[in-house]
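Using full-length UniProt numbering, the first residue of the sequence shown is number 1, and each one after it goes up by one.
By construction, these hints were calculated from the structure, which means they are not laboratory data.
Certain hints may be false.
Stated by the list, open to error - Label-pair ranges, simulated between beta-carbon atoms:
#	residue 1	residue 2	range
1	132	159	32 to 38 Å
2	72	122	40 to 46 Å
3	159	125	52 to 58 Å
4	72	104	18 to 24 Å
For clarity, every value in this text was computed on a predicted model and none was experimentally measured.
Even glycine gets a Cβ: it sits at the ideal position worked out from N, Cα and C.
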Amino acid sequence: MKEEENEEEDMISIETARQTIDTCSIDTSSSKRQKKEPRTKRAAGPSDPFVSMLQDVNNQLNSVRQHVGIMATPVSAAMARETTQEDPQQKLREKAISELSRLAFTGSEIVEAATIFAKAPEHMNMMLEFPEILRRDFVLKMLSGIIVSKLFLCLSLIIGSST
């Protein structure tokens with residue numbers, strides 16, 4: 001029995017010793033952490049001059065990219081405005097040419113009519129205002145010269161009366 005008691009006492013003393021050792025190790029490790037000084041940081045830039053130069057070039061390129069992006073914004077907005085503001089006269093010309101094609105005029109007749117429309121846009125507007133049944137006759141008379149000669153006659157009368 002004495003042996004068992006001795007063993008128990010030994011076990012208790014060993015456990016106490018372990019606890020003491022454990023607490024000491026905890027205390028010393030925490031105090032070591034507190035005593036540690038922060039490491040000195042490396043220099044901000046790399047020690048290699050080539051790497052430093054490449055970083056500088058990269059920074060400059062990023063700056064250029066930002067500035068070009070800022071400059072490109074108004075230019076692209078202006079281009080978008082220009083494309084949305086199409087010339088209404090151009091749309092009328094395109095409509096007139098497609099109408100001439102639809103009315104089965106030959107290529108040379110379409111070219112002649114386009115030439116007349118360029119010189120006298122009111123003919124183009126007039127043709128587009130006519131009902132579809134009368135458009136072909138109007139263009140044929142215009143191409144034969146009846147309308148053009150009457151127009152010049154009217155213009156000469158207007159010019160003559162204003163002087």
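Here's how the hints hold up against the structure:
1. 132 / 159: 32 to 38 Å: Since the Cβ atoms of residue 132 and residue 159 sit about 34 Å apart, the hinted range of 32 to 38 Å holds.
2. 72 / 122: 40 to 46 Å: holds (43 Å)
3. 159 / 125: 52 to 58 Å: At 21 Å between Cβs, range violated.
4. 72 / 104: 18 to 24 Å: violated (48 Å)
Comparing the model with each numbered hint stated earlier shows that hints 3, 4 do not hold.
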